[in-house]
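Novice: Chains A and B are the protein sequences, given in the same order.
The first sequence begins at 13 in the numbering used here and counts up one residue at a time.
The second sequence begins at 13 in the numbering used here and counts up one residue at a time.
Treat the hints with care, since some could be wrong.
Result set (DSS-like, lysine-lysine): computed pairs, CA atoms no more than 27 Å apart in a straight line [stated by the list, open to error]:
#	chain 1	residue 1	chain 2	residue 2
1	B	K125	A	K125
2	A	K193	B	K125
3	B	K193	A	K125
4	A	K193	A	K125
5	B	K193	B	K110
Derived from the structure by calculation, the hints contain no laboratory data.
2 protein chains.
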Amino acid sequence: MTTARLTGVWAPVITPFTRELAPDPGRFVRHCRWLLDHGCRGLAVFGTNSEANSLTVEERIDLLEALVQDGVPAGSLMPGTGCCALPDTVRLTAHAVKLGCGGVLMLPPFYYKGLSDEGLYRSFVEVIERVGDPRLRVYLYHIPPVAQVPIPLAVIERLLRTHSRTVVGIKDSSGDWANTKAVLDAFAASGFEVFAGSEAFLLQNMRHGGVGCITATGNVNPAAIDHLYRHWQAPEADRMQAEVSATRAVLQQFPMISALKATVAHYAQDPEWGTVRPPLVELGPEDARRLAGELGQRGFDMPGLGTLGDPRPASEVRSRQGGVT
Amino acid sequence: MTTARLTGVWAPVITPFTRELAPDPGRFVRHCRWLLDHGCRGLAVFGTNSEANSLTVEERIDLLEALVQDGVPAGSLMPGTGCCALPDTVRLTAHAVKLGCGGVLMLPPFYYKGLSDEGLYRSFVEVIERVGDPRLRVYLYHIPPVAQVPIPLAVIERLLRTHSRTVVGIKDSSGDWANTKAVLDAFAASGFEVFAGSEAFLLQNMRHGGVGCITATGNVNPAAIDHLYRHWQAPEADRMQAEVSATRAVLQQFPMISALKATVAHYAQDPEWGTVRPPLVELGPEDARRLAGELGQRGFDMPGLGTLGDPRPASEVRSRQGGVT
Numbered sequence: 013m014t015t016a017r018l019t020g021v022w023a024p025v026i027t028p029f030t031r032e033l034a035p036d037p038g039r040f041v042r043h044c045r046w047l048l049d050h051g052c053r054g055l056a057v058f059g060t061n062s063e064a065n066s067l068t069v070e071e072r073i074d075l076l077e078a079l080v081q082d083g084v085p086a087g088s089l090m091p092g093t094g095c096c097a098l099p100d101t102v103r104l105t106a107h108a109v110k111l112g113c114g115g116v117l118m119l120p121p122f123y124y125k126g127l128s129d130e131g132l133y134r135s136f137v138e139v140i141e142r143v144g145d146p147r148l149r150v151y152l153y154h155i156p157p158v159a160q161v162p163i164p165l166a167v168i169e170r171l172l173r174t175h176s177r178t179v180v181g182i183k184d185s186s187g188d189w190a191n192t193k194a195v196l197d198a199f200a201a202s203g204f205e206v207f208a209g210s211e212a213f214l215l216q217n218m219r220h221g222g223v224g225c226i227t228a229t230g231n232v233n234p235a236a237i238d239h240l241y242r243h244w245q246a247p248e249a250d251r252m253q254a255e256v257s258a259t260r261a262v263l264q265q266f267p268m269i270s271a272l273k274a275t276v277a278h279y280a281q282d283p284e285w286g287t288v289r290p291p292l293v294e295l296g297p298e299d300a301r302r303l304a305g306e307l308g309q310r311g312f313d314m315p316g317l318g319t320l321g322d323p324r325p326a327s328e329v330r331s332r333q334g335g336v337t
Numbered sequence: 013m014t015t016a017r018l019t020g021v022w023a024p025v026i027t028p029f030t031r032e033l034a035p036d037p038g039r040f041v042r043h044c045r046w047l048l049d050h051g052c053r054g055l056a057v058f059g060t061n062s063e064a065n066s067l068t069v070e071e072r073i074d075l076l077e078a079l080v081q082d083g084v085p086a087g088s089l090m091p092g093t094g095c096c097a098l099p100d101t102v103r104l105t106a107h108a109v110k111l112g113c114g115g116v117l118m119l120p121p122f123y124y125k126g127l128s129d130e131g132l133y134r135s136f137v138e139v140i141e142r143v144g145d146p147r148l149r150v151y152l153y154h155i156p157p158v159a160q161v162p163i164p165l166a167v168i169e170r171l172l173r174t175h176s177r178t179v180v181g182i183k184d185s186s187g188d189w190a191n192t193k194a195v196l197d198a199f200a201a202s203g204f205e206v207f208a209g210s211e212a213f214l215l216q217n218m219r220h221g222g223v224g225c226i227t228a229t230g231n232v233n234p235a236a237i238d239h240l241y242r243h244w245q246a247p248e249a250d251r252m253q254a255e256v257s258a259t260r261a262v263l264q265q266f267p268m269i270s271a272l273k274a275t276v277a278h279y280a281q282d283p284e285w286g287t288v289r290p291p292l293v294e295l296g297p298e299d300a301r302r303l304a305g306e307l308g309q310r311g312f313d314m315p316g317l318g319t320l321g322d323p324r325p326a327s328e329v330r331s332r333q334g335g336v337t
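Pulled out of the complex, with its shape left as it was, chain A reads as follows (with noise of 0.2 Å):
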């Protein structure tokens, strides 16, 4: 892994599936290319957004490798790879790490609630122990109101004291400012880079030492949440925010995955891209027609998406639009 300091919007790519809940590598590796074309700095795949879950551990190594072999940077992948169990994540982590990955993004254990501080960081220092590898670099994945497990600042410091080289950042997807500025507050002037779990907080994270943000509506809208992180600083920063706020808010009134997963299927009309694995429930035909209505009433477009529905294997794609990447 490289030690350079990860920025950006980074999405947590949605997992495509086809409609007997396979994962699809094809459909998968070419909606990857896409968010790198239009504004995503990075890919955190199998994230929340991504059902990773709801996914095999082979099913992850497949999926990745698949990224990776059609030629996606892998500087520019930061997979998730906490699960329950502690050997699942090494292998994951351990997988990552061996295919160059920028970082990884890494949950708790979240079968267990109420864990003990020191219960939290023996997951975390037993993972880097037995993964072992020098070029690791980890960010924790903090996300209370779904894995019920968040990771408290104490467990942040400490790990800092004893792996700081390795613990280097974090997604914080509690939802609560407070959260995110009080890490900030502690931990960023040292380096630790701290990424909003939503771009509803990008530029209050910019304005306090953060470095970006991994969110969800990065799947659909990269593009001027880009925008915003490379112009943070202007002067119409707060119009833009409000601007990627309101798309955002749009989507926000269904079940996100199924909500991002049936604006690809609208935009690329590939209706297949709509498929979830339970116990996810596909956005029924209204709400979708609903959706994709104000979608496109607020002027919002997924230029080039078309190219998703694409027979072709990914490689021979890439190489047709070569010219255009």
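Let chain A serve as the given structure and place chain B on it in line with the hints.
Specialist: Relative to the frame of chain A, chain B by itself:
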């Protein structure tokens, strides 16, 4: 799988780990045999108290096969098979059916929160249909305090409408008697098998049409709980209930899994049994001494447990104990 009803006291068997955090099939098989010899009607291996979600799919498969190969009757096994990822749940469930297990205890997918009834229903149905084996018997695992994903009555009702031959019971670990009572009132009369998730509710459960309990403390106190189960209609049942609940209260002063393991470590004189996988933390020496002291004051014992430390293979131990069991 047999179609015979499962009843009585079942233990969610604690999973022994070596100091290096590897599962230990020898200690596991010996503890399972001790439980079956001392009051457990069956073993709900790979439950919450088994640290099941801290095990990989392969580790669970290997441990289950070790039990069956050692001669533990498959019909007295109800392995936990519910994972976050559909293919993992299908794989574990199909494996359990193939081995002839008496049933499976199925958690809902537990990463995403706030699931719709439709998504939850689909999760179970998709597993049942993909396993596609008429021998499958599913016991739903309702444990909202940990999984944070409840199984509402409406979902049970729908499953019973469409898959009543397969979905045959529930373990209710809500800790909420009102919920257990509602499940009993709605479904017990039609043969739905309701296990209380703790012996604290065993007597109430039996009095309202339940079939037994699947309880953590069954790992250490199976004989007394089984005695209550067998004599729940006796005049002294309330006194027996108070007695087993008092023993439970001693253990509940500490994190339950670590306390159970410390108890087995103490009575087996086998300190390695105290090992847990992160994110859990083993009981400290002072807590372990206090726990043993308080259990001792109650006259608590685990007779015959010394063999757990026996270094010989489980098969040899078993043949030596043949006359006893």
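Novice: Compare the structure with each hint and give your call.
Specialist: Now for the hints, and whether the structure bears them out:
1. Among the hinted pairs, K125/B with K125/A is consistent with the structure: their alpha-carbon atoms are about 14 Å apart, no more than 27 Å.
2. Restraint check for K193/A and K125/B: satisfied, since their Cα atoms lie roughly 26 Å apart, inside the 27 Å limit.
3. As the CA atoms of K193/B and K125/A are separated by approximately 26 Å, the hinted pair is consistent with the 27 Å bound.
4. Restraint check for K193/A and K125/A: satisfied, since their Cα atoms lie roughly 25 Å apart, inside the 27 Å limit.
5. Taking the CA atoms of K193/B and K110/B, the gap is near 34 Å; set against the 27 Å cutoff, the hint is violated.
Figure legend: structure checked against the earlier numbered hints; the only hint not met is number 5.
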